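Letter by letter, the chains look like this.
Number of protein chains: 4
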Amino acid sequence: MGLDRMTFEDRPDPGAPGAGEIRVAVHGSSLNFHDLGVATGRMPTADGRIPLADGAGTVEAVGDGVTEFAAGDSVVSCFFPDWQDGTATIGDFSRTPGDGIDGFARDYVVLPATAFTHAPKGYDAVEAATITTAGLTAWRALVVDGKLKAGDTVLLLGTGGVSIWALQIAKAMGATVAITSSSDEKLERAKRLGADFTINYREQQAWGRAVVDWTQGRGVDHVVEVGGPGTLAQSIEAVQVGGHISLIGVLTGASGEVPTAALMAKQARLQGLIVGSRREQQEFVRALDATGIRPVVDRRFPLEALADAFRYEMGAGHFGKIGIEW
Amino acid sequence: MGLDRMTFEDRPDPGAPGAGEIRVAVHGSSLNFHDLGVATGRMPTADGRIPLADGAGTVEAVGDGVTEFAAGDSVVSCFFPDWQDGTATIGDFSRTPGDGIDGFARDYVVLPATAFTHAPKGYDAVEAATITTAGLTAWRALVVDGKLKAGDTVLLLGTGGVSIWALQIAKAMGATVAITSSSDEKLERAKRLGADFTINYREQQAWGRAVVDWTQGRGVDHVVEVGGPGTLAQSIEAVQVGGHISLIGVLTGASGEVPTAALMAKQARLQGLIVGSRREQQEFVRALDATGIRPVVDRRFPLEALADAFRYEMGAGHFGKIGIEW
Amino acid sequence: MGLDRMTFEDRPDPGAPGAGEIRVAVHGSSLNFHDLGVATGRMPTADGRIPLADGAGTVEAVGDGVTEFAAGDSVVSCFFPDWQDGTATIGDFSRTPGDGIDGFARDYVVLPATAFTHAPKGYDAVEAATITTAGLTAWRALVVDGKLKAGDTVLLLGTGGVSIWALQIAKAMGATVAITSSSDEKLERAKRLGADFTINYREQQAWGRAVVDWTQGRGVDHVVEVGGPGTLAQSIEAVQVGGHISLIGVLTGASGEVPTAALMAKQARLQGLIVGSRREQQEFVRALDATGIRPVVDRRFPLEALADAFRYEMGAGHFGKIGIEW
Amino acid sequence: MGLDRMTFEDRPDPGAPGAGEIRVAVHGSSLNFHDLGVATGRMPTADGRIPLADGAGTVEAVGDGVTEFAAGDSVVSCFFPDWQDGTATIGDFSRTPGDGIDGFARDYVVLPATAFTHAPKGYDAVEAATITTAGLTAWRALVVDGKLKAGDTVLLLGTGGVSIWALQIAKAMGATVAITSSSDEKLERAKRLGADFTINYREQQAWGRAVVDWTQGRGVDHVVEVGGPGTLAQSIEAVQVGGHISLIGVLTGASGEVPTAALMAKQARLQGLIVGSRREQQEFVRALDATGIRPVVDRRFPLEALADAFRYEMGAGHFGKIGIEW
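Chains as they are written, first to last, in UniProt numbering: chain A, 1 to 326; chain B, 1 to 326; chain C, 1 to 326; chain D, 1 to 326.
This is chain A alone, in the form it adopts within the complex (with noise of 0.2 Å):
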């Protein structure tokens, strides 16, 4: 799928809901990593898929058996729709909108209800879409897998959209965050949302010893890996004994070279995780509505631009989210 052949036009209407369905007037997406893969085609998809993955919007109708939805309320779908609750029981994206099957990039969908959240309270439809996948992933890693606690200490790289959404997560649970990038503007913004320690890492490129010095030595509880094998070894040097490294990127490769006798020694635990279950989207939307944390949107570009969109994404300018709206 070339980024300019992405159209959006003739999707025929889905009609009704079904029994257990709802039918969303779709409004806001926004991008991932992995819609990029999809789009520039380094995922492979069936022909004429509809690209991504997050989608919010306002219910039109619900069909039958439908109590947790009304019409007129906001809602936010889901990564994984079959994944309801429990451990984790999907390793792949063959039911992942905008991948194994169609996405957002469309104005009407009708899907089961169990595809689907209510929107944190006060959200509009690109702030929303944020949550499904950027948002749930920086909540599994830190509160579900992490059991995060207050007083905990965080390494976050980077400011993409899910490092700055752990980032405010992390922030109003009261742990302490240190946050790396290339830009010391972005590593301002950090901080005014609450980082406690920045890091150049084109300036300090040991940044996972500097990172063990801030914490006296003790190193970090938690690393939410987002880079992969390029930034791997430094991450283990950085966590504490007996600490938690989220294994979520490849922004630097899908594989390579790891020191996993330094992991041993560390006694660290390395989870890999995608997303999460509906369950955990539901408490983290419960989390959103008591702290009142609001998603950094860092633009915003309609439907019809998605192409350029992509190619923002690309330009690794952003800091936070990339929203689409319509």
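One thing to keep in mind: the hints can contain errors.
Claimed, not checked - Among chain C residues calculated to face chain D with C-beta under 10 Å, some are:
1. V143
2. A150
3. L193
4. D196
5. A290
Since the hints were made in silico from the structure, they are not lab data.
These figures come from a predicted structure and were not determined experimentally.
We put the CB at the ideal spot given by N, CA and C, even for glycine.
Position chains B, C and D against the provided structure of chain A, taking the given hints into account.
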């Protein structure tokens, strides 16, 4: 031990610290229901036992091999000086200061370094002393046992030391809090500390039901049960299916009628606990340093007026902690 | 519902399965205290409710989209057909077969495929039916909630269906088991199943103390509490500091005096539970396949003699499960 | 330290135990890859370091305040004598016998009582010594970290000490086990110990795929990864979505190519670990007492022939543990 017979003269100076020990000039303590039990003789101890489980002050000297502390450090005592880490293994007060061993109502102590942690930054001795029993109990109930996360709902009973500590911890981690009292004025104070829902249980005797309604029928995630059998039935009513009740209190008695079938039907967990380990206290101190929470000290008494302080505690007119300083 | 008024005639054939459903020829069930409550009217249900929560049989046909089962498969029902995985979310019997919905005392059912799991290999229908309620309750108490490991000590009360299942599970995982009964003959049978320590509670009324002595003063790791308030005080005495009591039973009443201060001092956990999720049942079936455990079926009755079977259950003379087959 | 330069003469007698210490007549040890690293100088230690991390023998005398042991007791050493309980806090060998401090290749030691646990009942000194490193590593991987339950599937790599201990533990708890080796004869021995599925990885180089097929496509719950980077890719392939890989080994190197994206997609956990705490060893001993497992000692060497024993270990022809006795 009669309240008026507690004297604080003629304590021999404990001298210099031996290997692994520290000498601490004690300057503050705070009162707990447990101390009151010892002071009134409800909980029998050895004759002449020096009271007070909580103690905070300044390190005057450290013995051989002590690297964690240095002279001049502010420190606070541990409720279970032998419970360093890991699973609960202590079910009595045989080694608790002010009960099985001498407490902190004196000018100087020499004890193993492992019987203390650093005090939270910026705390005076009375403030620091409040974490030994009440603070760590609240932290363990919500954070260690309860795995509290942002968006969780918490029910607190009354406005004593544990409940107000729990209120502050819960709010600092993004939770939503309901709290009960018989005093509208205390409920107002709780609101100013962040309480989201307040219930005057004299006016609203079915407070368990009121809490369920407040959560739109869902029930709360956590109850910090300081009452005991007299309140447990409504606490079980208030908790959600699969929820968590921390059983801390004996304010309404040591034994009583409990609707066990209701607990079973709720699939809820009733977790007995007494304070926590030294490692948990270290993590709690880190949380206090990170969040800047300061404890609520209702009133301070000089050590000489300890009997008056206990009488004030018995009056139940206080809010938060009662401090003792010298 | 009077025991003698239960008839099993004229049930209409449920026809062919719809999408996502399976048609099952039911051939076996087993009795639980819960079924007895329904049958005797102690637990009120709708008029004409078909009894029996446990059901096992053979798949006759599968509806569209069903891939997990095929005609000819042996299957067993789930106590909570809607609870698929994850955290407990159900606190009533409104959707439990034989209570809120029709049960298995009939020849054919058509139900969602997700209301069943595969039966353990080599089990007949009565044996398979014993896992729905009693077996899964024991598995959840010890393994899911209790994280049972080899070397743990377990206390079981009586020799009913849950306790005998718990005995077999505990022994298959390397635990050490104490069990009580009023019958020396039943205790002998328990020994033959691997029980390590047996107590006739008529002779040794201080059985809680006896269990503590048996563990050299340490107390047991787990108690499977099927008694309720009448036995809970001694169960609390028997459990170790930091131990785990599964609260399952209401045999001695739905409410009663509980020494809450003792539970607190033990820092023990009292975990209410009702059976478990479908995923837990799938894992339990896998455990049964791996270990080759076969349930203890005390006696089998034909479906027509269901009233007699319930009378036999009330007599409390049985050991393990009472089967119903047709 | 050259293998032939290890001598065991002229060790001064350590004398009587001080307060909190015990004097132990050491009679057995066993070899680990870690000891080999120390002996060959691959892991540098202080000059004249007495080797061997594992040690078992008989208590000859106890110092003041020691109540856990008495003269005549059989005891076994702890790999981390300072790690008593709780979260992993040690990430190096600075306090491990035979590395950072003197080990057990001598007739008598005087050490804190907390550096030992009771030996399993009926074990001789060599058998007991095998639990210090290899046994506790396997126990922690599967039971402490892995929460192993009956019916779980386990993949073991090779037939060294950790893997064979893991095989015995897994079978005693009702799990199902696959194991690899390059020797059909060793695979036969593993089968006799209960292995359910054996793979000769010379013949079946795609052993990861073979394990997935053996589980009908599901993947295993646990992998005990003793290989390191050379085997990790296939271990990731073999594990199920949401599964657990214990990262123990460096047999194939300390660093290497790892398919991190595959680990992420599997949502699997890679848990680094080094042995465990003293409390975990106590629980492991209780499990051995309850289950009657006896370790597999491939061959025994006298202490004087320690160099020969290490050469035998390097030959990789052994199965289970190599014992040293004196």
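Do the hints match the structure? See the list:
For C:V143, the shortest C-beta to C-beta distance to chain D is roughly 5 Å, which falls under 10 Å, so the interface hint holds. Hint status for C:A150 relative to chain D: holds, with the closest Cβ pair at about 4 Å, below 10 Å. Interface restraint check: C:L193 against chain D, minimum CB-CB distance 15 Å, threshold 10 Å, status violated. Checking C:D196 against chain D by beta carbon gives a least distance of about 8 Å; that is within 10 Å, so the hint holds.
Interface restraint check for C:A290: the shortest CB-CB distance to chain D comes to about 5 Å, inside 10 Å, so the restraint holds.
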